[in-house]
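Peer 1: Following the hints, position chain Z against chain S.
These protein sequence lines are chains S and Z, in that order. Residues in the first sequence are numbered consecutively from 128, following this note's numbering. Residues in the second sequence are numbered consecutively from 128, following this note's numbering.
Source of the hints: derived by calculation from the structure; they are not laboratory data. Accuracy of the hints is not assured; some may be wrong.
Heads up, the list lumps identical chains together, so a pair's fine if it works in one copy or across two of them.
Dumping the calculated DSS-like pairs for lysine-lysine here, alpha-carbon to alpha-carbon at most 27 angstroms [claimed, not checked]:
| hint | residue 1 | residue 2 |
| --- | --- | --- |
| 1 | Lys280 | Lys293 |
| 2 | Lys304 | Lys129 |
| 3 | Lys323 | Lys304 |
| 4 | Lys158 | Lys384 |
| 5 | Lys304 | Lys293 |
| 6 | Lys325 | Lys293 |
| 7 | Lys374 | Lys158 |
| 8 | Lys323 | Lys158 |
| 9 | Lys156 | Lys280 |
| 10 | Lys293 | Lys384 |
| 11 | Lys158 | Lys325 |
| 12 | Lys148 | Lys323 |
| 13 | Lys148 | Lys374 |
| 14 | Lys323 | Lys186 |
Protein chains: 2
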Amino acid sequence: MKETSQEIDRFLVELLTNVGKNLEQDVTKTKDVDTKSGPNDLVTNFDKSTERNIVGIIKQNYPDATIVSEEGFGDVVNSMAGLVFFVDPIDGTMNFVKCHDSFASMVGVYLDGKPLVGAIINVMEHRIYHGGPDLGVFENNHQLAQPINSTLKEGLVIISGPMVLKNYLNTQEVVHKSSGLRVLGCAGIVFEHLLKGKEVLYMSYLKPWDLAAGRVLCETLGLSVVGVDGEPVDMLKSQVVIAGTQKVVSEVLETVKNSK
Amino acid sequence: MKETSQEIDRFLVELLTNVGKNLEQDVTKTKDVDTKSGPNDLVTNFDKSTERNIVGIIKQNYPDATIVSEEGFGDVVNSMAGLVFFVDPIDGTMNFVKCHDSFASMVGVYLDGKPLVGAIINVMEHRIYHGGPDLGVFENNHQLAQPINSTLKEGLVIISGPMVLKNYLNTQEVVHKSSGLRVLGCAGIVFEHLLKGKEVLYMSYLKPWDLAAGRVLCETLGLSVVGVDGEPVDMLKSQVVIAGTQKVVSEVLETVKNSK
Numbered sequence: 128m129k130e131t132s133q134e135i136d137r138f139l140v141e142l143l144t145n146v147g148k149n150l151e152q153d154v155t156k157t158k159d160v161d162t163k164s165g166p167n168d169l170v171t172n173f174d175k176s177t178e179r180n181i182v183g184i185i186k187q188n189y190p191d192a193t194i195v196s197e198e199g200f201g202d203v204v205n206s207m208a209g210l211v212f213f214v215d216p217i218d219g220t221m222n223f224v225k226c227h228d229s230f231a232s233m234v235g236v237y238l239d240g241k242p243l244v245g246a247i248i249n250v251m252e253h254r255i256y257h258g259g260p261d262l263g264v265f266e267n268n269h270q271l272a273q274p275i276n277s278t279l280k281e282g283l284v285i286i287s288g289p290m291v292l293k294n295y296l297n298t299q300e301v302v303h304k305s306s307g308l309r310v311l312g313c314a315g316i317v318f319e320h321l322l323k324g325k326e327v328l329y330m331s332y333l334k335p336w337d338l339a340a341g342r343v344l345c346e347t348l349g350l351s352v353v354g355v356d357g358e359p360v361d362m363l364k365s366q367v368v369i370a371g372t373q374k375v376v377s378e379v380l381e382t383v384k385n386s387k
Numbered sequence: 128m129k130e131t132s133q134e135i136d137r138f139l140v141e142l143l144t145n146v147g148k149n150l151e152q153d154v155t156k157t158k159d160v161d162t163k164s165g166p167n168d169l170v171t172n173f174d175k176s177t178e179r180n181i182v183g184i185i186k187q188n189y190p191d192a193t194i195v196s197e198e199g200f201g202d203v204v205n206s207m208a209g210l211v212f213f214v215d216p217i218d219g220t221m222n223f224v225k226c227h228d229s230f231a232s233m234v235g236v237y238l239d240g241k242p243l244v245g246a247i248i249n250v251m252e253h254r255i256y257h258g259g260p261d262l263g264v265f266e267n268n269h270q271l272a273q274p275i276n277s278t279l280k281e282g283l284v285i286i287s288g289p290m291v292l293k294n295y296l297n298t299q300e301v302v303h304k305s306s307g308l309r310v311l312g313c314a315g316i317v318f319e320h321l322l323k324g325k326e327v328l329y330m331s332y333l334k335p336w337d338l339a340a341g342r343v344l345c346e347t348l349g350l351s352v353v354g355v356d357g358e359p360v361d362m363l364k365s366q367v368v369i370a371g372t373q374k375v376v377s378e379v380l381e382t383v384k385n386s387k
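If we strip away everything but chain S, and leave its shape as in the complex, we get:
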């Protein structure tokens, strides 16, 4: 099992290194921008070409795996049996388009439903976060320590903008109990912050490809990742996810209960 993890980890680091180099070239090019679910849910030609490229390379190297991916070049997946790859070619497409910065590319791998390996590249900063339960978590070649198990009062929180403005699930109370709010617009960059202990909580509505890699890495470093009912997340559906230190996730689950 450790050998499989190591092999996939090396594969993902090489894959995302190359993807990152291409996206760094693409970021200042003219883009075809379309909207998906609403005016602020963007997709570009580069999301599609990057995903097609990633999916092709995974299929070449892991022909028996199934692939869940954002822009539809993967498989129709109804089961977590065997090796499942989750692909987000450009996470934070709005930042990619408007800021030319603060976006990521992510791949999470699960074996029979269990987190195996995850990898996230912060493209413009050339930092790859990767590893899994058999390996530990690395920033490039440097192993990361477990973040301190801080309380809500001791830390900054990251909550999706639309969720906190609506006070959905009592999220404004969470902000008031914390050291303050940050909103970054890219799940991959948020997971980077959580892994390094910069913030203590992330709360957002996430699709499987938004969550898959970050969940592997967070859980490996002793962080907690659950749904709003406190139960493990379902990797085949979209849901509100609470990720953070164990103490903070307990506190937030209590606050969520009070919203009902």
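Peer 2: For chain Z alone, coordinates are given in the frame of chain S:
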């Protein structure tokens, strides 16, 4: 006048380069942390020692100037006559303490009330933004172009967390009309984003030292910086400031009017 600007610009770049090197060493050290106006308004021993250092060097080089500074090592200033330096030794102290990242040090210089030179260092990324109306604006040695005069709909907005959660001055409507909200927790880093066109608006309650350098640089690049009444800001008081592209600031002033 241009010679004065050039001389002060060179002085500030050298000053902030040294300040940045020291703060980068300090960021992981144990800190004495106190609160000021509330539990999330922090000050550390490093804010104080950095300001004492900056104020001392300014006084040595510009003995006739007056200094407005955050932690009280400057002068009592009631007039904008002559050369006035505004000093923020650590801007984003919460980020400095919790994230070890995304904080700045800033100095803004005004001559008889007019913006002359400003300098902001993004400490951990080693980027200094500096210049003024006689010089243009530079990121380190690279001159920046004017950001595109985008509309609200076309861009991301940065609004202080407490202000937008309370919907103070109709700020939630501003968010809804835009491409989305970001919250960063450091005025200096926000000004960096505005200068590079990553976001199109910043709205926050700012003290003179939070605003001084950013205002010089923004106005030099054709961005607009006003109070909520649309009038020029008063550099000797704290106030809600609206900074952004000219189109966006006009749109936001209309939205603010509707909040009354």
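Peer 1: For every hint, state whether the structure bears it out.
Peer 2: Evaluated hints:
Proximity of Lys280 and Lys293 under a CA criterion of 27 angstroms is satisfied in both settings, with 22 angstroms inside one chain copy and 20 angstroms between copies. Taking identical chains as interchangeable, the C-alpha atoms of Lys304 and Lys129 are never at most 27 angstroms apart, the minima being 41 angstroms within one chain and 50 angstroms between chains. In this homomeric assembly, Lys323 and Lys304 come within 27 angstroms of each other (Cα to Cα) only inside a single copy, at 21 angstroms, whereas the closest approach across copies is 34 angstroms. With identical chains, the CA atoms of Lys158 and Lys384 are never at most 27 angstroms apart, being 43 angstroms at best within one copy and 36 angstroms at best between copies.
In the homo-oligomer, the alpha carbons of Lys304 and Lys293 lie at most 27 angstroms apart both inside one protomer (17 angstroms) and across protomers (15 angstroms), since each shortest distance falls under that limit. Proximity of Lys325 to Lys293 under the C-alpha cut-off of 27 angstroms is found in both arrangements, the shortest distances being 25 angstroms within a copy and 25 angstroms between copies. In this homomeric assembly, Lys374 and Lys158 come within 27 angstroms of each other (Cα to Cα) only across copies, at 24 angstroms, whereas the closest approach inside a single copy is 43 angstroms. Taking the shortest Cα distances, Lys323 and Lys158 sit within 27 angstroms of each other only across copies (19 angstroms), while inside one copy they are farther apart (32 angstroms).
Taking the shortest Cα distances, Lys156 and Lys280 sit within 27 angstroms of each other only across copies (21 angstroms), while inside one copy they are farther apart (43 angstroms). Taking identical chains as interchangeable, the C-alpha atoms of Lys293 and Lys384 lie at most 27 angstroms apart whether they share a chain (17 angstroms) or sit on different chains (22 angstroms). In this assembly of identical chains, Lys158 and Lys325 lie within 27 angstroms of each other by CA distance solely across copies; the values are 16 angstroms between and 33 angstroms within a copy. For a Cα distance limit of 27 angstroms, the shortest separation of Lys148 from Lys323 qualifies both inside one copy, at 24 angstroms, and across copies, at 22 angstroms.
In this assembly of identical chains, Lys148 and Lys374 lie within 27 angstroms of each other by CA distance neither inside one copy nor across copies; the values are 38 angstroms within and 35 angstroms between. For the identical chains of this complex, Lys323 and Lys186 are neighbours neither inside a copy (32 angstroms) nor across copies (39 angstroms), given an alpha-carbon limit of 27 angstroms.
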